[in-house]
Amino acid sequence: MLLSVTVVLSLLSCVCGENPAVQVVLTNKGLQYGKHAAADWIQERLSTITFPDITGSVHIVFGDVDYTLTGITIVKCDLPEPSVEFLQNPPGFKTTISDLSIAITGGWRTHFGLINDGGTFDMAIFNVDVTSVVQLGKEADGHLSVSSISCDAQVGDVDIEFHGGASFIFQPFVEHFKGRIRDEIQKRLCPGVEENIESFENLLHVMNVSVDVNEVLSLALPLTDIPIIGASSMNVGLKGEFYNIKAPVEPPFEAQPFTMPDKPSYMLSVGMSDFTLNSASYAYFSAKLLQLLINDSMIPAISPVHLNTTSLGKFIPKLAEMYPDMLMSVLVYAQEAPKFSIQPDAVNVTIKAVAKASVILPNGTQIPVFTINVVSTFVCWTFAVLTILSLGLISNLTLTLASSEVGTFKVNVPKIK
1 MLLSVTVVLS LLSCVCGENP AVQVVLTNKG LQYGKHAAAD WIQERLSTIT FPDITGSVHI
61 VFGDVDYTLT GITIVKCDLP EPSVEFLQNP PGFKTTISDL SIAITGGWRT HFGLINDGGT
121 FDMAIFNVDV TSVVQLGKEA DGHLSVSSIS CDAQVGDVDI EFHGGASFIF QPFVEHFKGR
181 IRDEIQKRLC PGVEENIESF ENLLHVMNVS VDVNEVLSLA LPLTDIPIIG ASSMNVGLKG
241 EFYNIKAPVE PPFEAQPFTM PDKPSYMLSV GMSDFTLNSA SYAYFSAKLL QLLINDSMIP
301 AISPVHLNTT SLGKFIPKLA EMYPDMLMSV LVYAQEAPKF SIQPDAVNVT IKAVAKASVI
361 LPNGTQIPVF TINVVSTFVC WTFAVLTILS LGLISNLTLT LASSEVGTFK VNVPKIK
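Count the sequence shown with the working numbering and you get residues 1 to 417, in order.
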C-alpha cells in the first residue's frame, strides 16, 4: 500500500543546505486518492500471487504427523478500506488494514510413519490485521530512501477443509493443529511486507536522479533534504537544476528559498522557482547555442522587408549605394543568458542580444556592415479556459545602433513600454 504512495516520489529524488528549486506537495486528499488506487491495484494482483510452502508437524492421538501445504494461491479476498496517514516523527506513513479475509486453495501432503498421503485443501483466513510504519529519508546522493521501522500482524482464525486421500481421517483433527497453521501464516506476514519494502528500496537506489531532456540538457532532481511531513501534507524539495550534458558547470547564481501556498483542496502541487528556468538558460548560453544565422530564404515571401541591400537600402541609403543589389545575413546571438522571473500571475523573460548584419558578396565573402544591440522583455500569462493556455507579449523592446560601416542611421523600431 505504501509503495504506491511513495512511487511518485521515486522519480523526484544533493547536498544538505541547498534551497530546492522544485517543490512537490502531496496533501492528505492526494494520499487518500493514492490509497484507493493502491487498493484496486492490490485487488487485481492478488490472483497472481503464490505463497511458499508451509511445513510443520502436529501431534494427534496416533502420533506425530508431518504435513506440507503447497501450491497456495488466493482465490478470493475481501479487502476492506485501508487506513493511511502521514507521520511526522519519524517522517513517513502509517498503514493499517483491519478485518481482512482471504480464501486460498492448494495441495497437502502428509507423512505418518510409513504412510504418505496427499490431496487438496481449501482454507479461509479471517480477521487479518496488519499495521506497517514506513520511514522516508534521503541518501547521500539524493535518492529517496524507504525503510520499514515497525510491523504488526494478527490472524484471527483459520478454517481448513481437506479433500482427497485419507483426508477423512485427518479432517476431525483440524481443530488440534489449525492454531499451528494460523501462527505460521501470522509470522510470515510482516517479513513479507518488509521484504517488499526492501525490494522497493533497492529499486529506488538504482534509479537515476537526473533526466536527459534532450541532446543538450539534463535535469538534476535529487532530494535536497528529507521530506518534510506535517499533519496533513508532505513537502518534497528537489534540486531542479539543468546542466549542459557535454560540459556541466554550475551557474553563477543560487536557488533562493520560496514558499508553496497551502492548497488542501489539491491532491498534488508542484512549484518551481526562477532558478530552474535560469539554469536551463545558462546551460544553453554557456554551450554557445543561443545564436541563429538568418538569411533571406528564411523570410516569408509576403514580408514587406527582405534581407538584401535593395530592401534595407530604403532605411539605410548608404548601404544600397556601397553594396547595390546584394543579399544579406544577420547573426543574432545572446549577449548574456536570458533571465526568467516568475511572478504569481506571469513569467517575465529579459533577453539581451546582438544582431550583426553582413553583406554577402558575389564570391560568398561576408562583409560586416552594422551591429544592433537588442534588449527585450517578454511577459507570458498562463490561464485556464477548459484547458491550460499561455499568452505571451513583448512588454519592452529597445534597439540601439552599436556600430556601423554604412554611416549612422536611425533605428526605426520605437521603444515599446
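One or more hints might be untrue.
[Unchecked claim] Calculated cross-link-like contacts (lysine-lysine; reagent style BS3-like; alpha-carbon spacing at most 30 Å): (1) K352 / K246; (2) K138 / K263; (3) K138 / K76; (4) K314 / K410; (5) K318 / K263; (6) K263 / K314; (7) K29 / K187; (8) K318 / K410; (9) K187 / K263; (10) K246 / K339; (11) K352 / K339; (12) K76 / K178; (13) K263 / K288; (14) K29 / K263; (15) K263 / K246; (16) K76 / K187; (17) K352 / K410; (18) K339 / K318; (19) K246 / K314; (20) K288 / K352; (21) K356 / K410; (22) K339 / K263; (23) K356 / K246; (24) K314 / K138.
Worth flagging that the hints you see were computed from the coordinates, not collected in a lab. Since the structure is predicted, the reported quantities are computational estimates derived from the model, not experimental observations.
The hints, checked one at a time:
| no. | hint | verdict |
| --- | --- | --- |
| 1 | K352 / K246 | 25 Å, holds |
| 2 | K138 / K263 | 25 Å, holds |
| 3 | K138 / K76 | 38 Å, violated |
| 4 | K314 / K410 | 12 Å, holds |
| 5 | K318 / K263 | 62 Å, violated |
| 6 | K263 / K314 | 58 Å, violated |
| 7 | K29 / K187 | 33 Å, violated |
| 8 | K318 / K410 | 13 Å, holds |
| 9 | K187 / K263 | 42 Å, violated |
| 10 | K246 / K339 | 22 Å, holds |
| 11 | K352 / K339 | 9 Å, holds |
| 12 | K76 / K178 | 20 Å, holds |
| 13 | K263 / K288 | 41 Å, violated |
| 14 | K29 / K263 | 10 Å, holds |
| 15 | K263 / K246 | 39 Å, violated |
| 16 | K76 / K187 | 21 Å, holds |
| 17 | K352 / K410 | 20 Å, holds |
| 18 | K339 / K318 | 36 Å, violated |
| 19 | K246 / K314 | 45 Å, violated |
| 20 | K288 / K352 | 14 Å, holds |
| 21 | K356 / K410 | 16 Å, holds |
| 22 | K339 / K263 | 29 Å, holds |
| 23 | K356 / K246 | 28 Å, holds |
| 24 | K314 / K138 | 65 Å, violated |
In this structure, the earlier hints numbered 3, 5, 6, 7, 9, 13, 15, 18, 19 and 24 are contradicted, and the remaining ones agree with it.
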